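K.L.:
Going line by line, the protein sequences match chains U and L.
All letters in the first sequence, in the order written, are residues 1 to 318 by the working numbering.
All letters in the second sequence, in the order written, are residues 319 to 572 by the working numbering.
The hints are simulated quantities; they were obtained by calculation from the structure and are not laboratory data.
Keep in mind it's a predicted model, so treat the numbers as computed, not measured.
Even for Gly, the Cβ is constructed at its ideal location relative to N, Cα and C.
Treat the hints loosely; a few may be bogus.
[Unchecked claim] Using C-beta positions, here's what the derived DEER-type ranges look like:
id, chain 1, residue 1, chain 2, residue 2, range
1, U, N192, L, L424, 42 to 48 Å
2, L, N330, U, N238, 43 to 49 Å
3, L, M506, U, D277, 47 to 53 Å
4, U, S150, L, D426, 27 to 33 Å
5, L, G556, U, D207, 45 to 51 Å
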Amino acid sequence: MVLAYAGKKQLMLEMLGKGRELANELEKELTAVIVGDENHALAEEYIQYGADKVFLIRTNQEMFKAEEYTQILTGLIEESESELVLIGSNKDGKELAPRLAAKLKAGCVSECTDIHIDDGDIITERTIFSGKAVAKEKINSKQGIITVPSKTFDPLDADTGRNGDIIEKEIMVDPSRSKIIDVKEMEHSGVNVEDAEVIVSCGRGFDNREDIELAENLAAQFKGRAIGCSRPISADLNWLPEEHWVGLSGHKVKPRVYFAVGISGQIQHIAGMRDSDIIVAINKDPDALIFDNADYGIVGDLYKVLPELIDAIENAKT
Amino acid sequence: MNIIVCAKQIVNVTDIRIDKKTNKPVLQGLDNKISDIDKNAVEEAIRVRDEKGGKVTIIMVGPSEATETVKELLAMGADEALLIPWDQDYDYHVVSELLIGGIKKLGDYDIILCGEASLDLFSGQIGPRVAELLDIPQITYAQEIGADDEKVVGDRNLGDSIVTVESSYPVLITVTKEINEPRLPSLMDILGAANKPIEILEADDVVSEVSSPTVETIDITGVSMDRKNIIYEEMPVGEAVSKLVESLGKEGVI
């Protein structure tokens, strides 16, 4: 059996797309898991998108905790004799999968970019060394647990005629000693850097928060634009919310054009934007690492370059 | 308060280059260092110890010469270290089993701290695996920790929300880079660290049998990052800008 679990629907649909292909190759069933939400409509949808079976789990816990979800999934994996488990690689999934793997003494590969079956073996690919290399790995344990990042695989087209089983289950867990005492939603501006066509990204070269307006003015010259930033601008200085943060532990982006403005180009930042079609760097330090990773660059003060660049693009368009 | 920090020795990823002929990353001859976020974990451990008393113990599974990099963490202020040398095949399953074997030898503990992930492979598996094997709660991606006598509270950064979690002891906490700024040891600290104990226990001393890896690496290939590298410098800003706009025009993006 191939088992798939993600707390987010879109990610689950993408995983079901790949999961269907893997289940066919293994000649096994594909099962989706929904926890804590008796959502039959969602279960039906998962079947239309490729699942043969959906476990609809009722439990005594309301919010996600890795300790408790490990118990739920361990039971399901053992009962269904699943050999391949796909877990959505958001923050919840990334802390759940290894915990589950430890419980099952199973191999676990994080953030796979590809999965295939070779002679019955599960083979995975993932990027390592901040995107400098791809590791091809083989799982040797009875069960293999794989986390799948969003936008890695495509969902199938919905097939409204597809049939499957919805199995309701009640699984009670031993509550964790930990307690969730507060949840604060973070500021949202509706920006989605992952879908942007053009990204203007800001780094420590900007002296003040207000100066980000310069980047916005440059971005305003393009359609499908978004403002990005490096780690310090979001995580340390809080000048921009996390949804703008491009990097290894931020968002991974692949726009047509990526402007890195005042960004030194640490490898963790490069890891988040290396799939961009064209990379343009603007930095006053000629030795900045960002220039090694750029198609075009200007060595100069961003406060002088940006206003001229905005004017020049405006003129070029008319 | 007894605090254990799991640390990993890695190569500096920035220095890794890809051999053009073989298309493999070249890892030989690179400097070793402690994975950056593990230093944040050590810094946080020192902070909690200084407030609450107790000791900070570093535990590492790695090459036997890693005693050199471990000394860096002792210089920062950790009290002692346990190194379990291991240079045969490993995966997260093997390493976490060795770590808990070592942790059990260390005796009572209140907090186990880890970095959220190591900078070379960035999987973030060790923390949750160790927590499960010890059957204790985990607080991952903590960007702030407040340790009390009876309980610890951690703010978890989940990207779209901050979740505050409370747990009694013992507990495992993984931290992000934002939690603090790791201190740079002074020369006196470095000299002082020379006398701090580094215990070495062989794998056989901590587990009855070392498991075989559950994940096997078949191949590692380099990813080419060939860029045009057309850089406009040593010219007036106006000229550089018009050249850039012309290039972007040719690329069809303006």
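K.L.:
State for each hint whether it applies.
P.N.:
Right, here's what the structure says about each hint:
1. Between N192 (chain U) and L424 (chain L) the C-beta distance comes to about 46 Å, which sits within the given range of 42 to 48 Å.
2. Taken as a hint, the range 43 to 49 Å is violated for the pair N330 (chain L) and N238 (chain U), whose Cβ atoms sit roughly 28 Å apart.
3. Evaluation of the 47 to 53 Å hint for M506 (chain L) and D277 (chain U) yields a pass: the beta carbon distance comes to about 52 Å.
4. Our hint of 27 to 33 Å for S150 (chain U) and D426 (chain L) is violated, since their Cβ atoms are close to 41 Å apart.
5. Checked against the given bound of 45 to 51 Å, the beta carbons of G556 (chain L) and D207 (chain U), roughly 22 Å apart, lie outside it.
Violated hints, in rising order: 2, 4, 5; the structure is consistent with all others.
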